[in-house]
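Please build the complex by placing chain H on the supplied structure of chain P, with the hints as guidance.
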Amino acid sequence: MLANDAVLAAKGIGLRYPGQSANLLSDFDLLLRRGEIVSLLGPSGVGKSSLLRVLAGLQQSIDGVVTINQNPVQGVHPRVAIAFQDPSLLPWLTLEKNVAFGLDFKHQPKLSAAERRARVDVAINEVGLSHARSLYPSALSGGMAQRTALARCLARKPEILLLDEPFGALDEVTRSEMQQLLLKIVRDFDTAALLITHDIDEALLVSDRIVLLGGGPAREVGHWTIELPKPREDYVAELGALRVEVLTTLRRAMARRH
Amino acid sequence: MTLVATAPQRTRDASADVRAGLHPALTRFALALAGLAVLLGLWWIGTDILPPEGSFARKFSPGTAIPTLGSLLIGSDLPVHILVSLKRVLVGLLLALAIGVPVGLAVGSWSKLNEATSPAFQFLRMISPLSWMPLAVMVFGVGDPPIYFLLAFAAVWPILLNTADAVRKLDPSWLRLSQSLAATRWETLRTIIVPGVLSHILTGLRLAIGVIWIVLVPCEMLGVSAGLGYFILDTRDRLAYSELMAVVLLIGFLGFLLDMSARALYQLAAPGSRQPRVS
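Keeping their order, the protein sequence lines are chains P and H. Under this note's numbering, the residue at position 89 of the first sequence is numbered 89, and the numbers go up by one with no gaps. Just add 1000 to the spot in the second sequence (first one is 1) and you have this note's numbering.
The following block holds chain H by itself, in its conformation from the complex:
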């Protein structure tokens, strides 16, 4: 009796699993689309429905911004500005990594250094990078160098602090393992500490990308003649409001892509975190 009753139960469970495997991903995608649609709807209501005919706000309508974005991407020098901005992001990130990772490793492995530097780091971290702008221009002159400095300064903290935290969180049993294999300090660093902290560094990198992308635009409003920030000011000066909104839209979209690639990098470089259990 029980046997007979169990058999169909199993089949039902199996089909439920299949449905469950398909459902969440689809639901998530649909929800994300719905959220974006609501955002677009609010934008439209704010510029096209609520303001009266002929109002200034109508110039910012999505109805003109989205087609303008298309024509800008094809028929203007906007792609060059995008590349200039992305290059700045890349240089800023590389500088931040070059400084943040070694310093983070040192701070994380030596607790006295951590205690000595922690207040100073917290102090510096809480100063908006933008407030260094005049100083950066005075020291580095006009052009790319002050922007690199400001971006690196903004991005170094999440990388540094996440790296240091990762070293402190290393599993002591991994270190015991390397000890029992008579590993040299270099071998321990290369085979245990660096890969062990890598996923945390990538988390820091992702946060850093977020910060850098936010700091980039105001930085580019200063003494340079290319880049997305410059382009925004330029559209304002030309009273080209649909172009302004198009670039705002573009900045959001590019930031989204950057974050997505950071996440993809994480999945790629930190394998083993997602694999179904097999027995």
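One chain only, chain P, in its complex shape:
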């Protein structure tokens, strides 16, 4: 477990809500390695989304350093892709153009038109939407829209995928399809993914490690890491026990808060 095989490393991160004197979160460390999915699990209000914004370089933290490939993060890194619960597709662009969106921006790596087209093709194939590439977002179902948002991330060949509850608004069947898709994406693209979720089963199903955040705004948030056994297929039997462990840890954290 060397720190230098990490794609993304966060050390001693401190978060604070504006106008408050006490930290919401202190001394938070995180390592994210290639091909790994880590879930950030916890109830709402513990700063999960703020933490993701800090890791993405969208926001400065009070303390701590975030590095990507050993380089300190300054602004949004071109190889970091972010997906949110809202797929935020642009309604005036076709699915294909939505996926290609931003590839030609100034701060993105320079690509020829042919390379951009190739990347868009690969990304759309990966999420299984080749048949729908000329449709507009108004014609897409919720699951298709979220697949498109994922494809938009993949078109940038990300080293790191940051996912802020991307499946939160989907129905259960679609959600489980999307979880399988996430596993496939991480495998196919050899990327690292950080998934914010408040769904314990989702975290257990997709992640290699679960980082629990517990507590609440009233008091500092604690964090614990639970390593999940590998390979994934083997711990189906242990799922129940793991679930209990996660729940107990979270409950203890919540109890401390009162």
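No wet-lab data here; the hints were simulated from the structure. One or more of the hints may lead you astray.
[Stated by the list, open to error] Looking from chain H toward chain P, a few residues come up when the C-beta cut is under 10 Å (computed):
#1 Ala1098
#2 Ser1173
#3 Ala1270
[Claimed, not checked] The list that follows gives simulated cross-link-like pairs (lysine to aspartate or glutamate, DMTMM-like), each with its CA atoms no further than 25 Å apart:
#4 Lys11/P x Asp29/P
#5 Lys1059/H x Asp1048/H
#6 Lys1169/H x Glu1115/H
#7 Lys157/P x Asp121/P
#8 Lys157/P x Glu126/P
#9 Lys106/P x Glu1187/H
#10 Lys97/P x Glu159/P
#11 Lys1087/H x Asp1234/H
#12 Lys97/P x Glu126/P
#13 Lys110/P x Asp121/P
#14 Lys97/P x Asp1171/H
#15 Lys1059/H x Asp1237/H
#16 Lys97/P x Asp1048/H
#17 Lys1169/H x Asp86/P
#18 Lys97/P x Asp121/P
#19 Lys106/P x Asp1171/H
#20 Lys157/P x Glu1187/H
#21 Lys11/P x Asp190/P
#22 Lys110/P x Glu126/P
#23 Lys110/P x Glu1187/H
#24 Lys184/P x Glu36/P
Everything numeric in this text was worked out from a predicted model, so none of it was measured. Cβ coordinates follow ideal geometry from the N, Cα and C atoms, glycine included.
Leaving out everything else, chain H in the frame of chain P:
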């Protein structure tokens, strides 16, 4: 049992869908035609039935106005007047767009500017453009320039206010997206804000066309020697009442066409708003 019962049900639903897809459009067209026919009927009753034989009102009858319109379009300089008027509308609209869109973008993106300008804009907006007429003639002289000014002044408000409103209504998640792609300010403006507000600008444009078309005719009654407004006054002076009614009819028809093309432009420039859902 249930399976057997469901199957024919499905077929019935399908055929109902087909009927429903054909019906509303046809019904709408028929209703629109009926409405226009009623209008024509009322006109006819007002000029040919109610007034006594030899009355002045009979001169305005559709029975003479409609054939006169045909002969005017072919055998007179009316087409030139139409072109002159349309050119004025176009110049007025372009001026209004050139001023209204940038100012609207600025007002919409900067709330302090909005608060500072909002009362002033509302004040100016509520002054009928026609009341600037004497002033416009004094400043710009006689001819096209005062008309351009008045038309642009009338049309700028719907464009400006709709643009500003559109900027305020931009989906914050789109801006978050551009932020997460490290977009520059210019890229955000070009790829998110402008296309995002475009459909609203087109709505403003459509309203502006309506206003401009209404203001145009009285504007053209002033110090110019061409255009539909001028033509109306000219027919009055020549006591050519059937021509007067023909031009009134024409003004309505052209306005209708202008509005229709504005709507077509909207459909063309704001795609994605109408497409059936596929899964």
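Here's how the hints hold up against the structure:
1. Ala1098: Since the shortest Cβ distance to chain P is 23 Å, the answer is violated.
2. Ser1173: Check passed: Cβ of Ser1173/H comes within 4 Å of chain P, closer than 10 Å.
3. Ala1270: holds (7 Å)
4. Lys11/P x Asp29/P: Between Lys11/P and Asp29/P the Cα gap is close to 5 Å, so the pair holds against 25 Å.
5. Lys1059/H x Asp1048/H: The hint holds at about 9 Å.
6. Lys1169/H x Glu1115/H: With a Cα-Cα distance of about 17 Å, the restraint between Lys1169/H and Glu1115/H holds, given a limit of 25 Å.
7. Lys157/P x Asp121/P: holds (12 Å)
8. Lys157/P x Glu126/P: holds (12 Å)
9. Lys106/P x Glu1187/H: It holds: about 8 Å lies between the C-alpha atoms, which stays within 25 Å.
10. Lys97/P x Glu159/P: Given pair Lys97/P, Glu159/P holds - Cα atoms ~22 Å apart, limit 25 Å.
11. Lys1087/H x Asp1234/H: Holds: Lys1087/H and Asp1234/H sit about 20 Å apart, inside 25 Å.
12. Lys97/P x Glu126/P: Since the Cα atoms of Lys97/P and Glu126/P sit roughly 16 Å apart, the hinted pair holds (cutoff 25 Å).
13. Lys110/P x Asp121/P: With Cα atoms ~18 Å apart, Lys110/P and Asp121/P stay inside 25 Å; holds.
14. Lys97/P x Asp1171/H: Satisfied, since the Cα-Cα distance of roughly 18 Å is no more than 25 Å.
15. Lys1059/H x Asp1237/H: holds (15 Å)
16. Lys97/P x Asp1048/H: violated (61 Å)
17. Lys1169/H x Asp86/P: holds (17 Å)
18. Lys97/P x Asp121/P: Since the Cα atoms of Lys97/P and Asp121/P sit roughly 11 Å apart, the hinted pair holds (cutoff 25 Å).
19. Lys106/P x Asp1171/H: Within the cut-off at roughly 23 Å; holds.
20. Lys157/P x Glu1187/H: holds (21 Å)
21. Lys11/P x Asp190/P: Since the Cα atoms of Lys11/P and Asp190/P sit roughly 24 Å apart, the hinted pair holds (cutoff 25 Å).
22. Lys110/P x Glu126/P: Roughly 23 Å separates the two Cα atoms, so the pair holds.
23. Lys110/P x Glu1187/H: holds (15 Å)
24. Lys184/P x Glu36/P: holds (12 Å)
Hints 1 and 16 from the list above are not met by this structure, while the remaining hints are.
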